[in-house]
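Could you build all of it, start to finish, from the sequences and the hints given here?
Chains as they are written, first to last, in the working numbering: chain A, 5 to 116; chain B, 5 to 116; chain C, 5 to 116; chain D, 21 to 451; chain E, 21 to 451; chain F, 21 to 451.
Warning: the hint list may mix true and false statements.
[Claimed, not checked] Residues from chain E shown here face chain A by an in silico Cβ test under 8 angstroms; the list is partial:
id	residue
1	T436
2	I441
3	E445
4	E446
5	R447
The hints are simulated quantities; they were obtained by calculation from the structure and are not laboratory data. Each residue gets a CB set at the ideal place from its N, CA and C atoms; glycine is no exception.
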Amino acid sequence: MKLITAIIKPFRLDDVRNALAEVGVNGMTVTEVKGFGRQRGHTELYRGAEYVVDFLPKAKVEVAVADDLVERAIEAITAAARTGKVGDGKIFVIDLEQALRIRTGEAGDSAL
Amino acid sequence: MKLITAIIKPFRLDDVRNALAEVGVNGMTVTEVKGFGRQRGHTELYRGAEYVVDFLPKAKVEVAVADDLVERAIEAITAAARTGKVGDGKIFVIDLEQALRIRTGEAGDSAL
Amino acid sequence: MKLITAIIKPFRLDDVRNALAEVGVNGMTVTEVKGFGRQRGHTELYRGAEYVVDFLPKAKVEVAVADDLVERAIEAITAAARTGKVGDGKIFVIDLEQALRIRTGEAGDSAL
Amino acid sequence: MRIGFGHAVTGAGVLLAWPVAAAADSGDTAWMLTATALVLFMTLPGLALFYAGLVRARNVLSVLMQCFTIASVVSIFWVLVGYSLAFGDGGAGHAVIGGFGRVLLAGLDAGAVHAAYPNIPESVFLMFQMTFAIITPALVVGAFAERMRFGAMLLFSVLWLLLVYIPVAHWVWGGGWLASLGFRDFAGGAVVHINAGIAALVAALVLGSRRGFPMQPMPPHNLPTTVAGAGMLWVGWFGFNAGSAVAADGAAGMAMLATHTAAAAGCFAWICQEWLKFGKPSVLGIVTGMVAGLGTITPASGYVGPGGALAIGLLAGTVCFWATQYVKRRLQIDDSLDVFPVHGVGGFMGTVLTGVFGAAALGGIDPADGRLLIVQLGIQFLGATATLAWSAGVTFIILKLVAALTPLRVTAEEETEGLDIALHEERGYNL
Amino acid sequence: MRIGFGHAVTGAGVLLAWPVAAAADSGDTAWMLTATALVLFMTLPGLALFYAGLVRARNVLSVLMQCFTIASVVSIFWVLVGYSLAFGDGGAGHAVIGGFGRVLLAGLDAGAVHAAYPNIPESVFLMFQMTFAIITPALVVGAFAERMRFGAMLLFSVLWLLLVYIPVAHWVWGGGWLASLGFRDFAGGAVVHINAGIAALVAALVLGSRRGFPMQPMPPHNLPTTVAGAGMLWVGWFGFNAGSAVAADGAAGMAMLATHTAAAAGCFAWICQEWLKFGKPSVLGIVTGMVAGLGTITPASGYVGPGGALAIGLLAGTVCFWATQYVKRRLQIDDSLDVFPVHGVGGFMGTVLTGVFGAAALGGIDPADGRLLIVQLGIQFLGATATLAWSAGVTFIILKLVAALTPLRVTAEEETEGLDIALHEERGYNL
Amino acid sequence: MRIGFGHAVTGAGVLLAWPVAAAADSGDTAWMLTATALVLFMTLPGLALFYAGLVRARNVLSVLMQCFTIASVVSIFWVLVGYSLAFGDGGAGHAVIGGFGRVLLAGLDAGAVHAAYPNIPESVFLMFQMTFAIITPALVVGAFAERMRFGAMLLFSVLWLLLVYIPVAHWVWGGGWLASLGFRDFAGGAVVHINAGIAALVAALVLGSRRGFPMQPMPPHNLPTTVAGAGMLWVGWFGFNAGSAVAADGAAGMAMLATHTAAAAGCFAWICQEWLKFGKPSVLGIVTGMVAGLGTITPASGYVGPGGALAIGLLAGTVCFWATQYVKRRLQIDDSLDVFPVHGVGGFMGTVLTGVFGAAALGGIDPADGRLLIVQLGIQFLGATATLAWSAGVTFIILKLVAALTPLRVTAEEETEGLDIALHEERGYNL
Ligand SMILES: Nc1ncnc2c1ncn2[C@@H]1O[C@H](COP(=O)(O)OP(=O)(O)O)[C@@H](O)[C@H]1O
Ligand SMILES: Nc1ncnc2c1ncn2[C@@H]1O[C@H](COP(=O)(O)OP(=O)(O)O)[C@@H](O)[C@H]1O
Ligand SMILES: Nc1ncnc2c1ncn2[C@@H]1O[C@H](COP(=O)(O)OP(=O)(O)O)[C@@H](O)[C@H]1O
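Okay, structure coming up:
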């Protein structure tokens, strides 16, 4: 099993969720995060005190998937999250040693 | 060392913390996340504009533990987080290559 | 590639970002989290109902870096985040199997 | 309320004659129109925000909904029958309740005045009184917040208006038996605060505690909102108390001064107690002390001087502080937003103290007929106790009645999920 | 507004004589000063908060900015020329528009009174009217919220004030042709609500929907803020309607009573509809019902009794509920905050119903000259329709004109980023 | 404040006779009761919210607490001794300070009037004045927000009330030397705004900057809250300025008009400056411009026509904008919420401009005794400068005195953690 973490633009979240559902991924966990990267942030100005906000709002999507689904999941996320502009985000893949469903105690692929 | 990530129902957080403390885990990091899975979300309705909120509030608990503590920590979390209803959540285990305490620079198990 | 996760005191975030930039890390993802550990929390008191808040606000910084940058990145974070007081936080290192840039589809080190 | 502006109301007799034609005073009318707006402002948005900030985020809308709905249905019932029962002629039974002669405000027109208050139009008088009828059941909301079902709340509030508020209002201000006795309650220490406070205690006991109380912390979710509401309550209370003079004159001015002084003293006394006991004063403390000061001065506001007001305010902040500790921490009764220890205890204390500080010797205004202080004190105690007993008993009966028809509480799951989603399918914040 | 307090205004003639020296009544003046403060309070912060809570968090400041800026520029233009055109002498063309004789408030001093309202100083009269001129274009903001550019909004609002609001205000209250016909609009059913409501519909159509509408959910980001604003609107409306009596008397009292009753009934009717259709009443529903009740009673508030007010309020809550469903869900017109179905539909309905319930037989006050109900009904219908047509047409022309000068909408990126950052470089919340 | 309504106050002599028995006017009284409520509303919740939104989330409660506590203790001290010193008879020293004859409001009853204002009850007069005494030290809070210790703040505020506010109020409104000179300060340009503004500057300098200033950005944490407060300030200011007419008449109407016009012009001027300098207007800008306009018109509000008010408002928005840039960006003085550049600069400018636009030739009202414009200008300048000097000096001494008794600032850790937890053990939001 792998844990796929995608940092995406927040307004693409619904598209990504739907794309993942289509390839058979039915669970995910989403966190509001702030991203810093190549994409330029915005300026804020309060009574003449100007400052640049480099941290942009992003959504972090975490999905644990069985090994055979990894490729398709990545493709689905990529397709759904891409706008073609700087700041579309990243996908990270990590090895997942174990997964458990708390309710039933099931482990492994069937826990997902 | 392993990094255990548990996605749980928010109102079980205090129980989970206490259960972990009992098995000797004294540190953890918690994030408010939104979860999507089998558990049904709720409906919201604003002047007749109805929509379904599939993302449910969950708490993500991250604990780094020494290898010999992994089993007990997982059991503790499972026992404390289980309500028996859909949506109780997942536990993921990942291999942790290195851990450091910023204050002292200690590394490995003693950093936890 | 490695994924470095640092749990730090929030008011050190800007320092950490700058320190990372100096060693050549140009992207990162930050999450507001609550930490529980050795550092004592504070008390809150509402009409005589006293309770202890053990969860302290922390910032979680995630940076994916190429293998040769790991040491320097860790050093940079440590130096910038250290105040010398309890609660300065932890650094965790995890192996990163794959990284992708959504916009271009680039993979590996060049995706970072 | 100042009783009998034009001529003394000493029982039912005089009320038979109204409405009479008389020329209202434009200045008095201007102030009473304003005071009416101020008292409505106390409930909407004042009290609604005050309460809303104190609950947890997932129940914020349920509390706002309760206050708003109460404002709506009480107003409708007041027009339909409430005003008639409270201030209409009750004939033979006038000592205990008014009659049905003014149902749907029969006989009202722009020229009408109330016999007891010929200086203002009757339409203004009944509007002013309506705003009191709105805020009183709305105060009770604080007791059952975060767990009562909406339908049950609605039914309860309407019955409570009709069976608790209106009779007591009639006894004290409508020419009923307490008015005849010479009971002094200028702006509602008994009618509003004892009434709502004891009802809150009964409701908290009947409904039971919120899940998790007292183990689980339930901190206010938005104190700035509560402070905003508190400020509005303070300002609005000028309409409540100084408006109860039913004129724009020195009596109104003195009532405003007493009100303000007691509020300030209540604030100060409460944070001093906190400072002594906990080492730190708090925002929630100062606004609670303010409400205690205001609730306690309410019955006395038209009868005491600034010195008396200062004393009452200091006592209010101190006693209500300890009452809150006692009820919530010691007795562990989950009157969620502490309605009883603040309004109930404060209202009772203020009603009794009106018999003390409302004496010329202590800077106040002696009762008209030269009654002795000790006699007046007895009357005050009687009135306060009668209100307490009536409200406690009838509130209990109403709750049992409603419970027989429909469950009072939401389910455990709904309580965990929060009433906003469970009952209203809305969320307070999408930040 | 009650037309002609001192003596009847039946056309342009009488207006030639003002300002005259006369002693104002201090009580009436006190109330009108207060009413002016209350109506300003309706816009700032009332309406601003009501609207701000309803949009998404990233646009919260843009809405507050629009309301605040409108308050600023309308006030300036009212002093410069607006008052003169609305209430000044229009000479030969007085039936359609006032004149320039009072530009920059020429001739005003502390002793001046308006001939039609000699009981209050003219300075107070023009201030009271100014607050109406502020809120009307501010209401339209709800239609184009979350997408209009700031500069275009500013230009639009000023032109709309001058070309739509002021003419209609003159026709109805300034001695224009509708006043001469005997059209009854006590506090602005046509002048304010139809006017703003239909302009909102036109603006929503010309600007087009927000990106994502209707697929993407756009829930209110902060309902407690909306409820706070709603409470302020209710209280402020007492100034709006009871202030339109231009005196502190029984007529003001009756107007306040009608206003309050209709608001309460509107609340109740709306949540009953929700309960029936969706199974759950909602906070957003009750406050929308309140606005519907208030907007609908506005033209009638000085002419109907409490029974009529109850009927109008119940109708308002019900009809505006269905109108909202129809416009937003069926027609899929993105009038963002539902200005048209609430204010437009309510205002029209109320203006027509004024011809029904404003009859002595139904508890109201018959028109002065013994006009038949059916005739008055015709006049009401004519006035409502004329306002609708004028506002719709001229709003359309203004928008096209502004669009020719500067883009009306922000770009797609700006809309996604949010107007607060894009237009004002500020963020609403840093929690 | 209009000086001497009943008969002219030209020094100490006339004050010896009060209180006299006289019949108050109900209309004037109605307005003054309302105005009192409006001015309290400016502080609670108006200013409290305005300030609270501007600080960082972790200090939101500390600011609310400061405003609330000041309201409490100032009220208590006003009743105890403040009113007596400001408006009581000072005997031989009346030119500089009142006396102790009215300590604890001795001699007050419902029938009492103040000799200078026999048209309203004295209780109303002293309440109205109390609300001014509350808001002035509350304004200073903006200077030391986010770093001052609570106890030190409390001590400072009480001493400042007694040693700065009350003497200056006495000089100008209590029959002191500036009143005798014919200094014109209708509603507190000097007494309130210069006074608080310069004290703020001194406090900011003595306390030093917030940690991280000016490198670290410190954006407002909740601008909608600030806008809510701003709207309340605007509305409340009608009570402040139009209430200073101490009557419900044309003078009050003219003051309200001038006030409103200047506020609108201040808004507009400020956002124009922003538009020119930064390319974008902002919400924080428009509300700051509003406060600048209101503060600046305050001394002039009873003496100028609408044209003068427009000019003053435009100047206010422009000059205060640049003053803010200069003090905060150039001089890098951390007057946290810009009290000095807005209130201090605006108040000074307005006080001087009262000598210009308060001339009949420019649409205003000439000084009573036919004094020349240049003479009046000199008097205005003298009064403004004297206030500035007194407040600066005494504020400095008080701060040093308090610092000798207890630390002024929280520790570095407490500042980082936030004052809410550190000082009050509460958190603003649990969303
Ligand atoms: N090295 C990194 N480690 C962790 N997160 C990163 C890293 N680089 C970028 N990110 C995340 O990805 C987001 C997008 O990156 P950015 O460089 O702006 O654009 P792009 O993805 O198009 O290259 C950032 O906002 C940040 O959240
Ligand atoms: N494949 C997954 N990857 C990441 N998180 C998941 C995944 N599946 C479920 N989750 C998380 O676990 C939570 C509970 O899952 P759900 O399917 O609702 O119930 P259960 O845990 O009882 O099977 C979800 O809300 C989500 O946060
Ligand atoms: N075992 C752990 N697993 C995950 N996070 C931890 C762990 N221990 C500590 N943390 C995080 O590190 C933060 C700091 O830890 P703490 O024990 O308070 O101080 P220190 O880092 O100085 O030892 C905690 O608030 C928590 O967020």
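Is the shortest C-beta separation between E445/E and chain A less than 8 angstroms?
-> 4 angstroms, holds
Interface hint outcome for R447/E [beta carbon to chain A under 8 angstroms] = 6 angstroms, holds
Against chain A, run the beta carbon of T436/E and see if the smallest gap drops under 8 angstroms.
-> Since chain A brings a Cβ to about 6 angstroms from T436/E, closer than 8 angstroms, the hint holds.
Going by Cβ atoms only, is I441/E closer than 8 angstroms to chain A?
-> 5 angstroms, holds
Any CB of chain A closer than 8 angstroms to the CB of E446/E?
-> 6 angstroms, holds
Of the numbered hints listed earlier, not one is contradicted by the structure.
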